[in-house]
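Q: Sequence:
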Amino acid sequence: MNQPDFMDDERYLIDSLKASDGLSGSNAFRWGYLLGSALLVGFAAYYDIMPMMIIAFVVIYVFRIYEDRYGRKWTPLWRSIIEKYERAIGDV
1 MNQPDFMDDE RYLIDSLKAS DGLSGSNAFR WGYLLGSALL VGFAAYYDIM PMMIIAFVVI
61 YVFRIYEDRY GRKWTPLWRS IIEKYERAIG DV
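In the working numbering, the protein residues as written are 1 to 92.
Check the hints yourself; a few may be wrong.
[To be verified] Taking lysine-lysine and the DSS-like style, the derived pairs with C-alpha atoms no more than 30 angstroms apart in a straight line are:
1. K73 x K84
2. K73 x K18
3. K18 x K84
Simulated from the structure, these hints should not be mistaken for laboratory data.
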């Protein structure tokens, strides 16, 4: 199999995926805002504070939108990586 010619951004994605802790930063970020929001919801439910509960759900909503937009940034590069590998092995 010929080695595909990857762009720098594509190489970055491949190397980060191959690293042993490649996705741990993303998971820590995700767990951070989810646990923080869950704590806010817990306090809000216990003390019956509706504005705090609304803030917790807004935090979750905003960070999910951020993750979605961040993911869309890399989707074309993932597609390009897969297509290059397919051409290199001769499946396409």
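Q: Now tell me, hint by hint, if it's right for this structure.
A: Okay, the hints, checked on the actual structure:
no. : hint      : in the structure
1   : K73 x K84 : holds, 19 angstroms
2   : K73 x K18 : holds, 20 angstroms
3   : K18 x K84 : holds, 17 angstroms
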